[in-house]
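> Taking the hints as your guide, dock the two standalone chains into a single complex.
First to last, the protein sequences are chains A and B. When we follow the working numbering, the leftmost residue of the first sequence carries the number 123, and every step to the right adds one. When we follow the working numbering, the leftmost residue of the second sequence carries the number 13, and every step to the right adds one.
Quick caveat, the hints were computed from the structure, so don't treat them as lab data. A hint or two may mislead.
[As the list claims (entries may be wrong)] For lysine-lysine, the following BS3-like pairs were computed, each having C-alpha atoms within a straight-line distance of at most 25 Å:
#  : chain 1 : residue 1 : chain 2 : residue 2
1  : A       : Lys166    : B       : Lys173
2  : B       : Lys78     : A       : Lys166
3  : B       : Lys141    : B       : Lys43
4  : B       : Lys173    : B       : Lys78
5  : B       : Lys196    : B       : Lys103
6  : B       : Lys187    : A       : Lys138
7  : B       : Lys72     : B       : Lys43
8  : B       : Lys187    : B       : Lys82
9  : A       : Lys138    : B       : Lys141
10 : B       : Lys72     : A       : Lys138
11 : A       : Lys166    : B       : Lys28
12 : B       : Lys78     : B       : Lys28
13 : B       : Lys173    : B       : Lys196
14 : B       : Lys82     : B       : Lys173
15 : B       : Lys43     : B       : Lys173
16 : B       : Lys187    : B       : Lys173
17 : B       : Lys187    : A       : Lys166
18 : B       : Lys78     : A       : Lys138
19 : B       : Lys43     : A       : Lys138
20 : B       : Lys72     : B       : Lys82
21 : B       : Lys43     : B       : Lys82
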Amino acid sequence: MTDDEPDPGSLRALWKDLPDEEPSARGHDLLMAAARAHAQTLVKAPWWQRVADVLRRPPVLALATIVVLASGALVVRNANQALPTAPANAPASGSTAAPALDQAAAPALAPAPSAPVATPPPVPPPAQPAPAPPTPKAALERDHHEAKPVVRAPNHPRNEASGKTLDDLERAAPAEAPAPAADPLQSEGQAWAAPEAAPAPATTTTKSRPSPGGGALAALTVTQLVTRCRTAAQSGDCTTVRAVMRELSARSAKDVQALGPDPDVRKCMIAD
Amino acid sequence: MSTDLADEDLMVQYQKGEVRAFEVLLSRHRKPVFNFILRYVGDRETGEDLLQETFMRVIKGAEAYKRQAKFTTWLYTIARNLCVDQTRRRKHRKHASLDAPMDASEDSGTLMDVIPGSEMGSDRKSVNKQLHEQMQRAIAGLSEDQREVFLMREFLDMPFKQIAEVVGVPENTVKSRMRYALEKLRLELDEYKDLAKAAP
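One chain only, chain B, in its complex shape (with noise of 0.2 Å):
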């Protein structure tokens, strides 16, 4: 079994029966799926869960996977369907946010804070950090549409047919959506714009 096969020839070898072929399709595309899902729901132990998902609806979709379609269209649709939902039942739920105050007061601390980091204290790595968080922050602010938009064209980059495809909307409704998302995360991280340029 070789594994320079494309995503789809894998597929079908695995739909012959072949197990090796999933292994190479999941040692290709299980860290992509999970930074996705990651940063779509924001949580690692959802997203580890909401990966494996995935995947198992892969395998049990395996069957009716057709030669002609592609395979990252067909997986991510599944893991983003799976956001999605998950997404809509959080809505429904009251959750402590790590993000939110703990007490009513404005000045009172997040959870966040009290949660002890593993990062060195450097200044750089402080740095980075502060901006890492800022950007997730800004991410998360994003609304579902340009968020799922903005994560596979930027960090997945597909092409807005593509996504256009997974999304299932029009493709320039997707390109909308794109300069929407952009639009928002310039007003949220100029002023870490400097401090980008200058992070190694």
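So that you can see chain A by itself, here it is in the shape it has in the complex (with noise of 0.2 Å):
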């Protein structure tokens, strides 16, 4: 006992003789099976099984459900950005294409900016760059598969898809295709057979054209001069072939020499 604690002295004696009493045993069962029952709760689970009850409880489940929604709303948008811009960039010289293409796509790709997060927006659908005018160079192609009976009957067929000549894209052609003009020529010449095959066109043409020669095949190389001429030996258009020996001749004796054992063109060159 310390200085400034009160010494309750000889009275101590007086309360110290007090009798503890004892409990009676009629709690004792019932807080031992209570105890018993809360042990079995204080034993922790391991680690992965809370983990697993702190991710059945529904809180985290909606969490998880907005976040879901949230990323595929996001992977549906970007999609759709990515979307127009793949075709845009498929042809090699679709500078024409490109505006009209992004303006296809504009509608579709409008209300995805103000979408709301939670809701997905509306998949547009793909792109279809039909509308479009297609370039030349798919003019050409599309012309060589599709429409070769039809190519034959105009004298100056007008593409109807792109609403040219095919003067305009024969001078187009060299212009935006430098390629080597093998393939394009080719067709072309194909093209060019048409004239002398058939009839005047009655389908609808802008302007007729006088002869396959002329202001045209001065615009061409040599080469094509060549190239032209032997396909148009091939398909039987002698006109062709007489008109692009004359424009030869003028300017390379020497390929008109090398054309000269050519037994289409040396038919043709009988004919006349």
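What follows is the structure, encoded as structure tokens:
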């Protein structure tokens, strides 16, 4: 006992003599049962089980749903943004088609930024480049593959898809497609074969072409003229062959001689 | 499970699901807590109810128990708070007191007088009984603040610091209350001091 502590003195003997009472056992079993039941909840589950329990709670499930929906909306939105750019890059010289594609894609993309995050924006149909006018190269290939029978009919057939005449295409081709002239010219050669084989066209043409030669042939190179002469000769277009040969003879006698042994060309020249 | 473990270690064991640890704690503290409560509220039945409630709160609060805290401080804080609540509730009720006169007249006996006692009628036992009754009356006559400090200090041998933690007042306040309690008891029991010395 310290100095500042009150000293009960001899009084302490009075209460120290008080006997302690024993509590009855009626609550003991109840307490032990409660302790046993609570002990089971006290035992900690392994960490993975606790994590699983936490993940199963409704708020966590709701949060996970929101995350999935939001990320899904982002993915769809990104996919929509990527779709229009892919076809626009496809054609090598799509300078004329690109604005049309952008315009076609614009309405589809317009609602996307203002769309709420929780609901995915409506998926637009894949952008169709069909409404846009095709490039000259595509028009030539299309003529070659799809309109072969029609090609023979008009004298100066107008490209129905692009609205351009073959002359226009012919002028545009070298400028826009500096690639080797073999393929486009070959298809052009078939197109050139048409005017002679068929009578005057009944289709709509903006201007009629007086002859296969003329100014158009003058724009071609010697190599292109040689190729065109051969293809025209193979298809039996002797008018074109003769026109090309005249043009060639004015430019390069050597190439005229080189074409001489060609049986098709010779046939046309003899027929002349 | 060793029964020699400290209370705090036993509590940690129980936190790990060891029921036997709680059983040891219960057997170790049941009696002192009961006597503390009994002397505080002065009613055996209420004392047993409060004892059960005290250990029920220990069970429910086991998860939140920290090893750094002294177990008895926590245990007696629970018991003391329950006693305080019980005393406050009882103040609002009108109970027939065993010590109060049955009639308005001063010379009428009390309930205690008419309840038959189980004690033997020898002189010594009679003196002891008289002494104990007077002692209990004197303790019951203390104010609540003084009584709880007195009970914890004299019957549970708690240090003043721990009593201060249980009661939630500064240590000097506890000492002051203890001094007032002893002075009051000295006045009440002075005439029984010689009797206590003579008692076995």
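> With reference to the structure, classify each hint as holding or not holding.
Taking the hints in turn, this is what the structure says about them:
1. Lys166(A) to Lys173(B): 35 Å, violated
2. Lys78(B) to Lys166(A): 16 Å, holds
3. Lys141(B) to Lys43(B): 21 Å, holds
4. Lys173(B) to Lys78(B): 19 Å, holds
5. Lys196(B) to Lys103(B): Satisfied, since the Cα-Cα distance of roughly 22 Å is no more than 25 Å.
6. Lys187(B) to Lys138(A): 20 Å, holds
7. Lys72(B) to Lys43(B): 20 Å, holds
8. Lys187(B) to Lys82(B): With a Cα-Cα distance of about 21 Å, the restraint between Lys187(B) and Lys82(B) holds, given a limit of 25 Å.
9. Lys138(A) to Lys141(B): Within the cut-off at roughly 14 Å; holds.
10. Lys72(B) to Lys138(A): Distance of about 34 Å is beyond 25 Å: violated.
11. Lys166(A) to Lys28(B): 8 Å, holds
12. Lys78(B) to Lys28(B): OK: Lys78(B) and Lys28(B) at ~13 Å, within 25 Å.
13. Lys173(B) to Lys196(B): Answer holds: Lys173(B) to Lys196(B) is near 23 Å, not above 25 Å.
14. Lys82(B) to Lys173(B): Given pair Lys82(B), Lys173(B) holds - Cα atoms ~12 Å apart, limit 25 Å.
15. Lys43(B) to Lys173(B): 23 Å, holds
16. Lys187(B) to Lys173(B): Distance of about 10 Å is within 25 Å: holds.
17. Lys187(B) to Lys166(A): 43 Å, violated
18. Lys78(B) to Lys138(A): 34 Å, violated
19. Lys43(B) to Lys138(A): Since the Cα atoms of Lys43(B) and Lys138(A) sit roughly 16 Å apart, the hinted pair holds (cutoff 25 Å).
20. Lys72(B) to Lys82(B): 17 Å, holds
21. Lys43(B) to Lys82(B): 19 Å, holds
Checked against the numbered hints above, the structure violates hints 1, 10, 17 and 18; every other hint is satisfied.
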